[in-house]
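Protein chains: 2
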Amino acid sequence: MREFILFSRGVTREFKLNDLPNAGRMDLIARCISTAIFLSYSLRKDVKFHVVLNGPPSPPLTVTFYTNELKNVSPDERNVASHINIAIKNFSVGRKNSEPGIYIEKKSFERLIKEKIEEYGSSNIFYLYKNGEDIRNVKMKSDSVFILGDNKGIPKKEEDFLSRNKIKMVSLGEIEYLTSQVIAIVNYEMDRRGL
Amino acid sequence: MREFILFSRGVTREFKLNDLPNAGRMDLIARCISTAIFLSYSLRKDVKFHVVLNGPPSPPLTVTFYTNELKNVSPDERNVASHINIAIKNFSVGRKNSEPGIYIEKKSFERLIKEKIEEYGSSNIFYLYKNGEDIRNVKMKSDSVFILGDNKGIPKKEEDFLSRNKIKMVSLGEIEYLTSQVIAIVNYEMDRRGL
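Going down the list, the sequences are from chains A and B. First residue of the first sequence? That's 23 in this note's numbering, and the numbers climb one at a time after it. First residue of the second sequence? That's 23 in this note's numbering, and the numbers climb one at a time after it.
Please note: incorrect hints may appear among the correct ones.
Identical copies go unnamed one by one, so any copy, or any two together, can satisfy a pair.
Heads up, simulated BS3-like pairs for lysine-lysine below, C-alpha to C-alpha not over 30 Å straight-line [what the hints assert, rightly or not]:
| no. | residue 1 | residue 2 |
| --- | --- | --- |
| 1 | K152 | K67 |
| 2 | K152 | K93 |
| 3 | K152 | K70 |
| 4 | K174 | K70 |
| 5 | K38 | K161 |
| 6 | K111 | K152 |
| 7 | K38 | K70 |
| 8 | K111 | K70 |
| 9 | K179 | K93 |
| 10 | K93 | K190 |
| 11 | K93 | K188 |
| 12 | K163 | K152 |
| 13 | K111 | K188 |
| 14 | K163 | K38 |
| 15 | K111 | K38 |
| 16 | K118 | K129 |
Derived by calculation from the structure, the hints in this document are not laboratory data.
Start from the sequences and build out the full structure, keeping to the hints where you can.
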């Protein structure tokens, strides 16, 4: 399984689809999910995308898109965001899985990472960071987890947590890309290795 | 200059920002532009993105985003699409440059390609196509033009035109990516070479 974990400031309430940027950069979040899960005319197989919403009013919430079960999702930001909205709405009445392949939980970034360390081992988890080791020199397996920050990055406290847990920092070179571009490139680097 | 040319079915009239997919996949177009021109917290320098709109009612129109002049554009699809809408609206009253760095003309895909061949020479123009030569084996200069199709691809007539003009076909491997993902990867491959 290829997994992505996005630390975001996305809001934890329903939001307006006409103004995604002001919902804690829900546009960025939706763009990242779309980039991670879609190929031309198909969904990737065996991909899980987790976005941790740390915005108001009741953070954290973790929303997971699992491609092997997903239905009726389109690549445009508005559509992807609408599914997050549905998940948040249903969670407020206690439902954790209101659409196929989309899950929502009261779960923090750190708890999610801990679970992934147990599942994959910390050597298969990578934090995409400009000063990390060049991805082209890093050994990876098909079972890999990639951690990313939104436009504001991952806070010091959470970065220290990653460091304490020996999560390797991996870089795509000297240029700082949009998070969605990072995801496209990571998928490409993995695809190139046949992973 | 790094240039992109997207053959699209985007509509040539004003469209609703709440339904980009039904405006000839204006979501795809906006996502491609955003991916091509943005980096984290900045615009790339020296990038031109041309989208040829071949949808109804009065095709073709070519809209160009030139990063060295652009202002007030955000990476979300809705924002990028809103600038295309403004360009189309102003073109209907004869204005070809209503916002900084955004141009619109009555120009066809073939005419645009011919201009680029005169400007760069056909050996510096590349058509991204699954059965082309692996991009990692293709020599490129910083002055390069990349041609892409939307979700439906480039029609036979236009493909034949590219072939007659000796435009090289270049591939990213065996996987068929979304056009926006292709753009992220092409930029990355160019960046990696320091171009």
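Tell me, please, which holds for K152 and K70 at an alpha-carbon limit of 30 Å: within, between, both or neither?
Both ways: K152 and K70 sit 23 Å apart in one copy and 26 Å across, limit 30 Å.
How would you label the pair K118, K129 (within, between, both, or neither) given a Cα cut-off of 30 Å?
Close inside one copy (12 Å), not across copies (51 Å); limit 30 Å.
For K152 vs K67, is the C-alpha pair at or below 30 Å within one copy, between two copies, both, or neither?
Result: close both inside a copy and across copies, 28 Å intra and 20 Å inter.
Alpha-carbon proximity context of K38 and K161, limit 30 Å:
Neither: 42 Å inside a chain and 46 Å across chains, both beyond 30 Å.
Given a CA cutoff of 30 Å, do K38 and K70 count as a within-copy pair, a between-copy pair, both, or neither?
For K38 and K70, the Cα distance is within 30 Å only inside one copy (25 Å; across copies 32 Å).
Checking K163 and K152: alpha-carbon separation at most 30 Å within a copy, between copies, both or neither?
Intra 21 Å, inter 25 Å, cutoff 30 Å: intra and inter.
Between the shortest in-copy and the shortest cross-copy C-alpha distance, which are at most 30 Å for K93 and K188: within, between, both, or neither?
neither (36 Å within a copy, 42 Å between copies)
How do K179 and K93 come out at 30 Å by Cα distance, when the copy is not named: within, between, both, or neither?
neither (36 Å within a copy, 35 Å between copies)
Given identical chains, is K174 near K70, meaning Cα to Cα at most 30 Å, within a copy, between copies, both, or neither?
both (23 Å within a copy, 27 Å between copies)
Between the shortest in-copy and the shortest cross-copy C-alpha distance, which are at most 30 Å for K111 and K38: within, between, both, or neither?
both (12 Å within a copy, 26 Å between copies)
30 Å Cα threshold - placement of K38 relative to K163:
neither (39 Å within a copy, 44 Å between copies)
Check K152 against K93 for me: Cα-Cα at most 30 Å, and say if that holds within a copy, between copies, both or neither.
Result: close only across copies, 26 Å inter versus 35 Å intra.
The structure shown violates the earlier hints numbered 5, 6, 9, 10, 11, 13, 14.
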